[in-house]
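A.B. asks: Chains as they are written, first to last, in our numbering: chain A, 60 to 230; chain B, 132 to 321; chain C, 44 to 411.
Among the hints, a few may not be true.
[Said to hold, decoys possible] Label pairs and their in silico Cβ distance ranges:
#1 Ile197(A) - Lys45(C): 34 to 44 Å
#2 Asp290(B) - Gly70(C): 40 to 50 Å
#3 Thr158(A) - Ile238(B): 41 to 51 Å
#4 Pro204(C) - Glu312(B): 49 to 59 Å
#5 Asp85(A) - Met44(C): 20 to 30 Å
#6 Thr158(A) - Leu228(C): 40 to 50 Å
#7 Lys207(A) - Tyr184(B): 32 to 42 Å
#8 Leu303(C) - Trp163(B): 50 to 60 Å
#9 Lys327(C) - Lys303(B): 30 to 40 Å
#10 Arg314(B) - Gly95(A): 19 to 29 Å
[Said to hold, decoys possible] Within a straight-line C-alpha distance of at most 25 Å, the following computed PhoX-like cross-link-like pairs (lysine-lysine) qualify:
#11 Lys287(B) - Lys212(A)
#12 Lys187(A) - Lys48(C)
#13 Lys207(A) - Lys304(B)
#14 Lys266(C) - Lys269(B)
#15 Lys304(B) - Lys142(B)
#16 Lys62(A) - Lys281(C)
#17 Lys62(A) - Lys272(C)
#18 Lys150(A) - Lys137(A)
#19 Lys105(A) - Lys74(C)
#20 Lys269(B) - Lys48(C)
#21 Lys272(C) - Lys137(A)
#22 Lys137(A) - Lys187(A)
#23 Lys145(B) - Lys304(B)
#24 Lys266(C) - Lys93(A)
#25 Lys202(A) - Lys340(C)
#26 Lys105(A) - Lys150(A)
#27 Lys105(A) - Lys266(C)
#28 Lys340(C) - Lys205(C)
#29 Lys74(A) - Lys93(A)
#30 Lys303(B) - Lys213(A)
#31 Lys210(C) - Lys187(A)
#32 Lys62(A) - Lys266(C)
#33 Lys287(B) - Lys213(A)
#34 Lys201(C) - Lys266(C)
#35 Lys137(A) - Lys327(C)
#36 Lys74(C) - Lys137(A)
#37 Lys144(B) - Lys285(B)
#38 Lys303(B) - Lys147(B)
#39 Lys210(C) - Lys74(C)
#40 Lys221(A) - Lys202(A)
Hints are computed from structural coordinates only; laboratory data are not their basis. Where a beta carbon is used, it is the ideal one built from N, C-alpha and C, also for glycine.
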Amino acid sequence: MNKHIESITQAVQAKFSVVAVTPVRDDQAALDVKPGELHAVLSFVKAQGFRQLSMLTCVDWIQDGEFQLVYLLFDWDKGVRLQVRTRIDRKHPTFTTVTNIYPGVQYYERDVHEFFGVEFEGNEMSFKQLFLENWDDIPPMRKDFNSKAYSDKKFPVREYHKDFSKEGDGK
Amino acid sequence: MSETMDMIVEKDKKLKEGWEGISRFFRANSLWMLMYCTGCCAIELPQAMTSRYDMERLGMGPMATPRQADVLLVTGYLSVKTLRRVIYAYEQMSTPKYLVAFGPCPINGGIYYDAYAVINRLDQYLPVDVYIAGCMPKPEAVMNGFQDLIDGIKNKTADGWKRYRDNYEWYKKNQVESLGELRIKDEFHE
Amino acid sequence: MKQVKLFLGPQHPGMHGNSSIHMYVEGDIIKRSYLLPGMLHRGFEKTMENRTWMNNIGIIPRICVPEPDPNEMVFASNVETLANIEVPERAHWIRMLILELARLAAHLMAFGGCGGPTGLYTAMYWAQADRDGILTLFEEITGQRIYHMYIVIGGVRKDLPKGIEKKILAYVDDLERRLPDYEDLLLNNPTIIARTKDQIMLPAEVVWELGVTGIGMRSSTGKAYDIRKVAPYARYDKVEFDVPTANYSDAYTRIRFKWLEMHQIIRIIRQVLVMMPEGKVREKGLDGNALRWQVPKGQVYTAIESSRGEFGYYTVSDGGINPYRVAVRGASFPQGLLGVERYLPGHRIDDAALWFDTMGICSPEIDR
Numbered sequence: 060m061n062k063h064i065e066s067i068t069q070a071v072q073a074k075f076s077v078v079a080v081t082p083v084r085d086d087q088a089a090l091d092v093k094p095g096e097l098h099a100v101l102s103f104v105k106a107q108g109f110r111q112l113s114m115l116t117c118v119d120w121i122q123d124g125e126f127q128l129v130y131l132l133f134d135w136d137k138g139v140r141l142q143v144r145t146r147i148d149r150k151h152p153t154f155t156t157v158t159n160i161y162p163g164v165q166y167y168e169r170d171v172h173e174f175f176g177v178e179f180e181g182n183e184m185s186f187k188q189l190f191l192e193n194w195d196d197i198p199p200m201r202k203d204f205n206s207k208a209y210s211d212k213k214f215p216v217r218e219y220h221k222d223f224s225k226e227g228d229g230k
Numbered sequence: 132m133s134e135t136m137d138m139i140v141e142k143d144k145k146l147k148e149g150w151e152g153i154s155r156f157f158r159a160n161s162l163w164m165l166m167y168c169t170g171c172c173a174i175e176l177p178q179a180m181t182s183r184y185d186m187e188r189l190g191m192g193p194m195a196t197p198r199q200a201d202v203l204l205v206t207g208y209l210s211v212k213t214l215r216r217v218i219y220a221y222e223q224m225s226t227p228k229y230l231v232a233f234g235p236c237p238i239n240g241g242i243y244y245d246a247y248a249v250i251n252r253l254d255q256y257l258p259v260d261v262y263i264a265g266c267m268p269k270p271e272a273v274m275n276g277f278q279d280l281i282d283g284i285k286n287k288t289a290d291g292w293k294r295y296r297d298n299y300e301w302y303k304k305n306q307v308e309s310l311g312e313l314r315i316k317d318e319f320h321e
Numbered sequence: 044m045k046q047v048k049l050f051l052g053p054q055h056p057g058m059h060g061n062s063s064i065h066m067y068v069e070g071d072i073i074k075r076s077y078l079l080p081g082m083l084h085r086g087f088e089k090t091m092e093n094r095t096w097m098n099n100i101g102i103i104p105r106i107c108v109p110e111p112d113p114n115e116m117v118f119a120s121n122v123e124t125l126a127n128i129e130v131p132e133r134a135h136w137i138r139m140l141i142l143e144l145a146r147l148a149a150h151l152m153a154f155g156g157c158g159g160p161t162g163l164y165t166a167m168y169w170a171q172a173d174r175d176g177i178l179t180l181f182e183e184i185t186g187q188r189i190y191h192m193y194i195v196i197g198g199v200r201k202d203l204p205k206g207i208e209k210k211i212l213a214y215v216d217d218l219e220r221r222l223p224d225y226e227d228l229l230l231n232n233p234t235i236i237a238r239t240k241d242q243i244m245l246p247a248e249v250v251w252e253l254g255v256t257g258i259g260m261r262s263s264t265g266k267a268y269d270i271r272k273v274a275p276y277a278r279y280d281k282v283e284f285d286v287p288t289a290n291y292s293d294a295y296t297r298i299r300f301k302w303l304e305m306h307q308i309i310r311i312i313r314q315v316l317v318m319m320p321e322g323k324v325r326e327k328g329l330d331g332n333a334l335r336w337q338v339p340k341g342q343v344y345t346a347i348e349s350s351r352g353e354f355g356y357y358t359v360s361d362g363g364i365n366p367y368r369v370a371v372r373g374a375s376f377p378q379g380l381l382g383v384e385r386y387l388p389g390h391r392i393d394d395a396a397l398w399f400d401t402m403g404i405c406s407p408e409i410d411r
């Protein structure tokens, strides 16, 4: 890890109770924090120079019964990247919005809501449809949604009445 | 008296066929395609329009509104949301109208055969006249496909719109089964 | 005046890509607007979880249609970090060449695309004809015009064919000789100047609020915020190039920046062709059958600078033969969604298509 990443992770560890710090690359590190401290950590690192939120995304750890929210931050002046991660419950997934810290996260929260079902309190737009229309099943990016079964049920496939494998034998 | 009536009806039919042959000839050499890029393969259409491959020597040019267009190009895969709008545009075009499908995705799903938002067979929902192979098809393949369409119009084999008109209930049943609601009541999602 | 509901629908001659804007207009001025994405939604992230690591390389170029090579680069880069694969030296330089040619093709298309909404179709035809020359070069190097599948895990798929350097240099010299004609056609044109100077402004506070990157960020903050300079990848720190910056971002400046960046791309390509070393081009790295590769556990994000801004993939691997999760960060997600909601109102209807052009919005990477 280069010195900028070292200094920011040490500063965060000094002020908050971080669950784990994982170095990913020379200029990238991952911080796992508790859900209650996430807002404070984001405000702190934003003040230290991480002014850009590249993306908010979610990972479905179905074996552990948890969703992991990942906030990807970038510091344009020093060229280092930070992943701030937290885990929430999978059965009743709710979280508070961070639009007061990073306003651009509004549509990323709508994206996570539509595909995973996480409810963001404070972002009232997130309950409207965005990418899907008239969706009638569970949120599609969850691990217990079978995409092929849904596609076979709704969209019929072409049947081939000629068995091409027999022709290939040279007969 | 009756022979003269038969002869008049016969001559009338021959005249009508003659006029239809002439109108098919003109129609085939002046096709207007609707400007609607529905999927990935549309990136190669501007290349087919520029002077290296030049669609306009076949008589084809772009047109802005469905009411005045002849050909609807379904370039590539169709997601469910787009299919509703394509059906809307196809039904607004006036007959005779033709539909050309690009790539393997409208044939049997292509690389998105197991995707929850992409349809697998286009001819369940709309009648297709010409399929063009390739992922994505090169401009030479596109020009070849257009030439096939022009030959099909002259030979009376490109009659998708007649099939749509005659089997309308079957097409509508398939559309409603796969898409649910065809005309979204709350388009603005408010 | 009454407010009318209108949509600049998916089927429109001025639309770029397949998405529609829903707006409320009063007379000619837009009062409220929302983008309706999802017309190109394929569920790509779910599809990627159902294919093996090597199979995925065959399908990911289709996520961003005008410029497919950044997809392959970030995917390969993620796996190389997780599996600790060292890419050979020559492969880095070939990757730079491919990425820069793809940027040039995308910039040409965007620059000429500004001719569409303003009525100057000559620019569009010139730019598409020049883009055709680049696609022919790609066909000779990689075998395909648009979707190359050339940058793979561990390097590139095959070495460059013999004699390709002469062809690339001939093409690049010819384009550089004609770039002043492009400037005369589009940038010195009084109609274009009247329509774009001091219009469609992008102030610096809006850039930080939305998270806009790329030309929009560099033309309004005045700093060289380009990932190739700030956090270089693939030997960009060994070539010399400038990054144009400005403090005042109107539509004219952003169009002009595309033209200026084309000069810098040509400069990079010339240096890459001279400085490229010999050697092998691919490092296998993972053992076993390519269709049964298992990548070690980890979560990593890579971003590179595409023609529209920061483009990245977040890959999660749990040690299996399929990726566990891949999330795509499209470069135009911020300005396409939140930008249209907050900053398009106030413009006229005829400027909506021009707004899309100059902000650099590409629909497939928003919808995935």
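A.B. asks: State for each hint whether it applies.
C.D. replies: Do the hints match the structure? See the list:
no., hint, result
1, Ile197(A) - Lys45(C): 34 to 44 Å, "holds, 42 Å"
2, Asp290(B) - Gly70(C): 40 to 50 Å, "holds, 46 Å"
3, Thr158(A) - Ile238(B): 41 to 51 Å, "holds, 44 Å"
4, Pro204(C) - Glu312(B): 49 to 59 Å, "holds, 53 Å"
5, Asp85(A) - Met44(C): 20 to 30 Å, "violated, 59 Å"
6, Thr158(A) - Leu228(C): 40 to 50 Å, "holds, 43 Å"
7, Lys207(A) - Tyr184(B): 32 to 42 Å, "holds, 38 Å"
8, Leu303(C) - Trp163(B): 50 to 60 Å, "violated, 39 Å"
9, Lys327(C) - Lys303(B): 30 to 40 Å, "violated, 54 Å"
10, Arg314(B) - Gly95(A): 19 to 29 Å, "violated, 47 Å"
11, Lys287(B) - Lys212(A), "violated, 36 Å"
12, Lys187(A) - Lys48(C), "holds, 19 Å"
13, Lys207(A) - Lys304(B), "holds, 23 Å"
14, Lys266(C) - Lys269(B), "violated, 41 Å"
15, Lys304(B) - Lys142(B), "violated, 41 Å"
16, Lys62(A) - Lys281(C), "holds, 22 Å"
17, Lys62(A) - Lys272(C), "holds, 18 Å"
18, Lys150(A) - Lys137(A), "violated, 39 Å"
19, Lys105(A) - Lys74(C), "violated, 33 Å"
20, Lys269(B) - Lys48(C), "violated, 40 Å"
21, Lys272(C) - Lys137(A), "holds, 11 Å"
22, Lys137(A) - Lys187(A), "violated, 38 Å"
23, Lys145(B) - Lys304(B), "violated, 38 Å"
24, Lys266(C) - Lys93(A), "violated, 35 Å"
25, Lys202(A) - Lys340(C), "holds, 18 Å"
26, Lys105(A) - Lys150(A), "violated, 31 Å"
27, Lys105(A) - Lys266(C), "holds, 19 Å"
28, Lys340(C) - Lys205(C), "violated, 40 Å"
29, Lys74(A) - Lys93(A), "holds, 13 Å"
30, Lys303(B) - Lys213(A), "holds, 15 Å"
31, Lys210(C) - Lys187(A), "violated, 52 Å"
32, Lys62(A) - Lys266(C), "holds, 23 Å"
33, Lys287(B) - Lys213(A), "violated, 34 Å"
34, Lys201(C) - Lys266(C), "violated, 38 Å"
35, Lys137(A) - Lys327(C), "violated, 33 Å"
36, Lys74(C) - Lys137(A), "violated, 40 Å"
37, Lys144(B) - Lys285(B), "holds, 19 Å"
38, Lys303(B) - Lys147(B), "violated, 32 Å"
39, Lys210(C) - Lys74(C), "violated, 51 Å"
40, Lys221(A) - Lys202(A), "violated, 36 Å"
Taken one by one, the earlier hints fail for this structure at numbers 5, 8, 9, 10, 11, 14, 15, 18, 19, 20, 22, 23, 24, 26, 28, 31, 33, 34, 35, 36, 38, 39 and 40, listed in ascending order.
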